[in-house]
Amino acid sequence: MTRRVTDVICPFCGTLCDDLEVDVSDDGKQLLEVYNACVIGTEKFLHSQAKDRVTRPRMRQDDGTWKEVTYDDAVEYTAQMLAKAKKPMMFGWSSTNCEAQSVGNEIAEIAKACCDNTAATCHGTSLIAVQDIGLPSCTLGEVKNRADRIIFWGCNPAHAHPRHMSRYSIFPRGFFTSKGQMSRKLIVVDPRCTDTAKMADVHLQVEQGRDYELLNALRVAFKGEWLPDVVAGIPKEKIREAADMMKSGRFGIIFFGMGVTQSLSKNHNIDEAIAVTKDLNEYTKFSIMPMRGHYNVTGSGEVFAWQFGFPYSVDLTRGFARYNPGDTSTVDLLIRGEIDAMFTIGSDPGAHFPISAVKPIATMPSVCVDPHLTPTTGVSKLHVPVAFNGVECGGNCYRMDNVPIDCRKVVEPPAGMLTDEQFLIKVRDRLKQLKGVA
Amino acid sequence: MAKTLQLNLISGRTINQGVAIEAGKEKPLYRTAAGIIEMDPSDFRKLGVWKNSNVRVTSEYGSVVVKAMETSQGPHPGIGFIPMGPWANAIINPDTYSTGMPTFKGVPVTVEPALNEPILLGIELVQKLCGVKVA
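If you read the sequences in order, they're chains A and B.
Residue 3 in our numbering sits at position 3 of the first sequence, with consecutive numbering throughout.
Take any residue in the second sequence, note its place counting from 1, add 438, and you have its number in our numbering.
These are calculated hints, taken from the structure and not from any lab test.
Keep in mind that the hints are not guaranteed to be accurate.
What the hints assert, rightly or not - Chain B stretches covered by chain A per the calculated footprint, using a threshold of three residues with CB under 8 Å from any CB of chain A:
1) 453-459
2) 462-476
3) 486-497
Using N, Cα and C, we set each Cβ at its ideal position, and we do this for glycine too.
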């Protein structure tokens with residue numbers, strides 16, 4: 001027999017879908033089928049059941065083989081590493097719950113570590129822009145019920161947030177958007193004709209890296225001022241068409257992604273996108289929202305901000321929190337050779353950092369806490385597999401619009417496996433002993 | 439002499455890459471999903487290789503062998519797209535210009551045929567580039 005668990009939260013992307021249903025075996029030990037999730041979310045749930053999963057910590061030996069160790073050994077290695085290091089880095093946090101992040105922050109404070117989350121290579125530049133000029137935003141519920149102008153700028157939800165469009169932004173019928181897709185106009189700005197762009201009423205195929213100019217041209221077009229014939233590869237008539245479409249809506253929203261945060265100009269692109277939103281509020285109601293990637297990268301920013309005052313790239317080495325991206329950010333610290341121990345949890349810098357920032361990790365004491373095998377576990381000295389957060393344990397997470405949602409436990413983890421939080425608590429307690437902290 | 443092609447490289451998510459990372463980055467599926475470069479049909483003609491050929495992509499920062507695929511999200515002549523992952527990150531520009539954010543998009547690269555060179559698995563590629571000893 002099986003039983004159906006309803007209202008399950010999907011721990012993949014920042015959309016944090018909360019309507020999944022999962023079939024589990026009667027004893028709660030096996031996950032059998034997933035309903036309502038996108039193909040990526042389904043894969044995440046099903047992969048937790050993989051027969052070849054690593055279920056005990058492993059230490060890399062000098063000859064390149066792995067030796068299985070106990071969780072207590074893993075706690076000892078991690079605590080000793082953090083206690084001895086002059087400038088340890090504690091990176092990741094985006095694929096775990098807020099409770100674990102908070103324990104991690106306690107450890108970072110005792111170890112005088114640098115701590116950073118995956119926003120550093122994702123929406124970090126958006127956070128810089130928000131600190132520059134603020135962020136007029138809203139919730140996804142408001143988008144669903146009110147928005148009739150949707151702009152996807154440098155993001156491709158058809159691939160990266162597969163259910164975003166059906167749950168919130170394009171297709172759903174909301175209170176003031178009762179005709180669903182027919183009530184909305186969609187503008188997509190992307191240098192490729194992406195699967196999202198193919199659905200658009202207007203696709204502005206911007207020259208790669210020229211987003212700032214195009215955003216600026218839109219601000220000119222709102223005011224009806226003179227424009228050159230072509231800006232960023234887009235004819236001025238098309239820019240005016242898009243500008244008029246934005247102005248004529250009752251409620252609009254700009255969703256933006258890596259196309260603007262990772263291209264040259266970086267935070268300045270976002271500054272300008274927020275300025276576009278501000279300008280539009282002179283004509284109608286407009287909001288802007290970053291398309292956050294990991295399911296709890298937003299939560300990580302929140303927890304850092306509550307506890308240290310800054311959302312990412314925090315340096316505690318002087319005993320108080322400093323924040324200066326470029327100086328205290330992980331990629332820069334690694335490339336400059338300032339880090340002497342690496343603790344990774346809930347992310348994969350080995351796959352997603354430039355290789356010149358990964359090479360130093362392979363040469364220093366390093367721990368990777370991750371249920372999967374990844375390039376980061378492949379270069380780390382100690383791999384600590386843990387229960388899948390959101391599948392095998394619950395915990396608080398934040399959706400991309402800063403709405404907290406409690407994830408649910410659906411199945412039991414393999415016998416004897418710890419969760420992120422349980423492992424971190426053991427490390428914290430051992431580190432306190434080593435450092436003589438009460 | 440083999441032809442070469444200059445492209446502007448960007449990286450990013452694809453749904454296949456998303457499925458592959460959740461299915462296990464040690465599996466060949468990850469290489470199938472992310473060890474590729476998506477190119478415009480016109481760029482295939484300029485380079486003079488068949489679709490699904492192995493090519494070497496080289497930037498100022500590194501070099502990597504991937505499979506050249508015809509883009510499904512085109513046209514985008516002049517732009518090469520490698521899904522986010524170790525293959526793209528072997529060659530993207532690590533400079534953050536004091537923002538903490540490497541320049542993952544907009545990297546000038548040269549593409550050349552590499553028909554007989556192997557495409558490494560994801561973890562294997564990172565271990566090799568980092569000089570990690572593997573049993």
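We went through each hint and held it up to the structure:
Beta-carbon proximity to chain A at under 8 Å applies to 4 residues in the region 453-459 of chain B; the threshold of 3 is reached and the given coverage holds. A stretch counts as covered by a chain when three or more of its residues have a beta carbon under 8 Å from one of that chain; for the region 462-476 of chain B and chain A the count is 3, and the coverage holds. Counting residues of the region 486-497 of chain B whose CB falls under 8 Å from any CB of chain A gives 0; the rule of at least 3 is not met.
Taken one by one, the earlier hints fail for this structure only at number 3.
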